[in-house]
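Enquirer: Residues per chain are reported as follows:
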Amino acid sequence: MFDVLFQPAIDGQLYIQWLLSGLMWTLLLAVGGWWIAFAIGVLVGVGRTSRNRAVALAARLYVEVFRNIPVLVQMFLWYFVLPELLPTGLGDRIKQMPPPWGAFFPALACLGLYTAARIAEQVRAGIEALPAGQDEAAAALGLSPWAARRHIIVPQALRLIVPSLTSEVMGIYKNTSVALTIGLLELTAQARQISEATFQTFGAFAAATIIYLLLALVAYRLMLWIDRRFQIPGSAPARKARRLPILRRGGAL
Amino acid sequence: MNALDFSVVVDALPFLWKGLQFSLLLTAVAFVAGLVLGTGLALVQHLQVPVLAQLAKGYVALIRSIPLIMVLFWFFFLVPLIAGWMFNNGRPMPVGGVLTAFLTFSLFEAAYYSEIIRVGLRSVGKGQYEAADALSLSTLQTYRHIILPQVFRVTSPIILSQTIILFQDTSLVYVLSLTDLVGAASKVAQLNGRLVEMYLTVAAVYLVICTSASQLVAVLRKRTRIATNR
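The listed protein sequences correspond, in order, to chains A and B.
Under UniProt numbering, the residue at position 169 of the first sequence is numbered 169, and the numbers go up by one with no gaps.
Under UniProt numbering, the residue at position 53 of the second sequence is numbered 53, and the numbers go up by one with no gaps.
None of these hints come from the bench; they were simulated from the model.
Don't be surprised by glycine CBs; every beta carbon is placed ideally from N, CA and C.
Please note: incorrect hints may appear among the correct ones.
Said to hold, decoys possible - Among the chain A residues that face chain B by a calculated CB cut under 10 Å, a handful are:
id	residue
1	Q7
2	P8
3	I10
4	E64
5	V71
6	M170
7	L213
What the hints assert, rightly or not - Now the stretches of chain B that chain A is said to cover, found in silico as 3 or more residues with beta-carbon under 8 Å:
id	region
8	83-97
9	167-179
To be verified - Reference listing, derived: stretches of chain B covered by chain A, where coverage requires no fewer than 3 residues with Cβ under 8 Å from a Cβ of chain A:
id	region
10	28-40
11	47-55
12	210-222
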């Protein structure tokens, strides 16, 4: 079934090298996008709980806009629309980026900012799940609101939401396949290319599917390890109640 | 940068409306079929039906681990083969992208709905089963009249949030070149070269529909809280 992978392609490489190059772009997009998403997600999530009306409103707007437009459409906005709306010189510079990067950077921005909106909601839920006493005790110790968030609230909230962040991690690696619509040759696109070049559709798709399954397994194990490693001491029995948010799905795919 | 000219969008409105109707129809069919199938998948796992429970579990885990686009490609490839094997003496039978899309989305969403319902089933108190047993209701009657109505009530906000995501996901039929809202916009954009106006319009339409829908879900979430908790 998989012998097709070890046949040479027209460019002299083996087909399996096509698949591995696709895997590399998928991983680069997923890992890079994740860090953008995590950084912005935490900031926006904290902003959602701010007592400052303007900040809270801005954070809410961010979440609504990025969560309520399909990833595919956002991908098109970054790739086709943004360069046209920027000043001509800058827009042309973006359009002239050499092939893989010209599609990679818009895809990276798209997945990062989309996933950030989803993470922000999880962070907000985590902050709201903390007892009010945490905030009050921090204030009693004379910590400023900023210092309380930085040292007391956010570190606890993040540890609470690790199980529900798992579905966001799974979501972002699955969403990387949407980048094929703007021409990035990631894993799914390479599988399709192999199928078109060889007509060995079953083998090509099965190989890509197995790689995705392995990625899912790795992501799941990694998050489980992080959850155990950073668990708030003494909170283990409360874990069962936190199962439900895992189900909230990580996005399009 | 050229000046934006939204009059091209006005000209394309009837075509875009057709596309949106297809997106909505696909969402509705996948919602109904996915919920029915998903409930089935959840029930065989909950009742621990031998073999079927393991198959359901494996199916759900598989579907939830691979991207929807990959699933669409799989079905686009497999459905003609299976249909040919069943109705056409083993010769592949062209099925077309539209039918493939309906099938794929129904089967794909079933996996996601089943996980929601499975957790909902676990949240129903043991006393409910015992009381149904004491009233000598059959298993079928117990689930039909006692358990499932409560499960649907508790999970309805999550099911609806999932359906909003489903509506957004239907845009991915773009990879099968179908004419949903995004497909319609991109076909018009290729003809008149007005990518910017077309895609901005599509984004606005999705934003309005999905934001209003999620406001409704928020209201529903408040209402469906079962007042007397176990």
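Enquirer: Each hint: holds or not?
Expert: Hints versus structure:
1. Q7: With a closest approach of 19 Å, the Q7 of chain A hint is violated.
2. P8: violated (24 Å)
3. I10: violated (21 Å)
4. E64: Because about 6 Å separates E64 of chain A from the closest Cβ in chain B, which is inside the 10 Å limit, the hint holds.
5. V71: holds (7 Å)
6. M170: holds (7 Å)
7. L213: Nearest chain B Cβ about 5 Å off; hint holds.
8. 83-97: Contact hint for the region 83-97 of chain B vs chain A: violated, 0 residues under 8 Å.
9. 167-179: holds (count 6)
10. 28-40: violated (count 0)
11. 47-55: Coverage by chain A is violated for the region 47-55 of chain B (0 residues, Cβ < 8 Å).
12. 210-222: holds (count 3)
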